[in-house]
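**Q** Sequence lines, in order, name chains A and B. So that you can map any letter, position 44 of the first sequence is 44 in our numbering, and since no number is skipped, the others follow by simple counting. So that you can map any letter, position 146 of the second sequence is 339 in our numbering, and since no number is skipped, the others follow by simple counting.
Think of the hints as simulated: they come from the structure by calculation, not from any bench. Be careful, since some hints might not be right.
Short derived list, chain B residues pointing at chain A, Cβ under 10 angstroms [unchecked claim]:
#, residue
1, L220
2, L224
3, F237
4, H242
5, E256
6, D288
7, V347
8, V349
9, Q366
Cut-off 16 angstroms, straight-line C-alpha distance, at most; resulting in silico cross-link-like pairs (EDC-like, lysine to aspartate or glutamate) [unchecked claim]:
#, chain 1, residue 1, chain 2, residue 2
10, B, K283, B, E295
11, B, K363, A, E34
12, B, K363, A, E35
13, B, K283, B, E301
14, B, K283, B, E258
15, B, K271, B, E295
All values reported here derive from a predicted model rather than from experimental measurement. Quick reminder that beta carbons are idealized off the backbone N, C-alpha and C, glycines included.
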Amino acid sequence: MHIADGILSTEIAIAADAVSVGALYVFGKRARTEEIPKMGIMAAALFVASLIHFPVAGTSVHLGLFGLAGILLGFRSIPVVFTALLFQALLFQHGGLLVLGVNVINMSAGAVAAYFLWRIRVVPEALRAFLCGFAGIMVPALLMALEFELSGYGRGIYYLMSLYVIAGGIEGILTFVVVGFFRKADPQILPQY
Amino acid sequence: MKKASIWILTLFFMFVSASGILQAHKLEVNLTQQPPVVMVEAGFSGHHHGLSGGDVFIYAPGEAEKAFQTGKTDVQGKFAFIPTEAGEWKVVVDDGTGHRGERVIILEENFFSGEKAEPESEELKQAQEPQEEASENEADSSQTQVPLLWKVLVGVSLLFGIAGILYGAKARQRSK
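If we strip away everything but chain B, and leave its shape as in the complex, we get:
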């Protein structure tokens, strides 16, 4: 059994050593404001091309059930819609095989006036930029902070830790 574990461990490290091709298999949705439209771009993380033909569902502010607009991404994984009011818009993209990505964008009133509010001073400008970025990335900011390799190491360490604790507990139970 000990020998078996060593061989499986070898197999496991063969996978880890293939870290050059390790990528999160997550459907990512990016939104950009291009007044009067919001541009949706969907694709799998690590892939260089977008998700073609993905189902897109746009939800207006305060409307969680009925989609404001539906459609499909083009060959480049892009889709555009024209929002009608300020507030929190939710965009969901589904590839039809169980992968789904969603993102929220908060649109200010100045999006609809066709111009961005001029910052009064350089100081204000600097303060404003991170806020805009924060509202666009609000949906998954917590997910993009930690590098993938760290997540892999944390997961593997936890799994080995759980196995170790269970092994110790069972061994103690058997010795009693």
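Bound-form chain A, shown alone:
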């Protein structure tokens, strides 16, 4: 899921860096004081979640929690994803620093997609939670495949999406469980957008 340096073209990487820094500024600046502890804890959870991974078909997929971040924080998840990915790149070498912007856009898109899905009230909450977790993985995976194609790697990467369907399913179940836990323990934590 994390794209390493040297895979995508430099032009795409720099453009994405500019966009992600802009998004960090815009959505970080608008964060309310009382939201900051929640954002900090969510950033730490995202940072650690990527270390829980599963071997699938010769490669490795890991948790992201982007869907959960989107549910709990909405657009505030963008600075959270940025910070978590920056620390993952610096400390675990997950993804490159030059392509940090690309990774931030991909994974924030998953969180934002989850935020919009969470707002569809006509869908039962349990199903919404699963779909949010699933989208939190599948949207970044699809964007990554698109970027690979734009960088001249062909369309082969789309066939690897099946791996991410498995990861998305795991993430969907996890999000469903966590949302169910929050619903019972403290429903106020789940925003009603």
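On the provided structure of chain A, position chain B as indicated by the hints.
**A** Relative to chain A, chain B alone:
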């Protein structure tokens, strides 16, 4: 909001408590000299099997753009190539899903003569061994020194610290 933070914190510690399955999700490349070939082994850290079918790119000394040789790792994540000259060879392995690992190996002239230079004395032998190891591990020596748990703790502490500083700054801004 305070209650919300406590619940997310609980969730976070549930992940940390799963430290038995926490592993760096990094594509590792190991190189070993087996004259006349250099053996490449690629796999994800923490996994017991190698990366099967990974794309391998071998770059000769002084050649950063055009690959000397390309290929794919076998079912065990292995690949071998025969270098043609002494110097710094770079090996890049890519799994096709965004994970990439690279490693540099410095080959001495004695690699090509088929024999290792005999150390003249025990003292010299002892001095030589760490050097060979250093040249093989040069590419990521800085990454393997710190245990993963320390990196996790450093990262989490920094994230909490940043959140604390921002919270304090915002609260002060609001009170003015």
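**Q** Each of the hints needs a verdict: does it hold here or not?
**A** Taking the hints in turn, this is what the structure says about them:
no. : hint              : result
1   : L220              : holds (8 angstroms)
2   : L224              : violated (18 angstroms)
3   : F237              : holds (4 angstroms)
4   : H242              : holds (7 angstroms)
5   : E256              : violated (15 angstroms)
6   : D288              : holds (5 angstroms)
7   : V347              : holds (7 angstroms)
8   : V349              : holds (5 angstroms)
9   : Q366              : holds (8 angstroms)
10  : K283(B) - E295(B) : holds (7 angstroms)
11  : K363(B) - E34(A)  : holds (9 angstroms)
12  : K363(B) - E35(A)  : holds (11 angstroms)
13  : K283(B) - E301(B) : holds (14 angstroms)
14  : K283(B) - E258(B) : holds (11 angstroms)
15  : K271(B) - E295(B) : holds (14 angstroms)
Violated hints, in rising order: 2, 5; the structure is consistent with all others.
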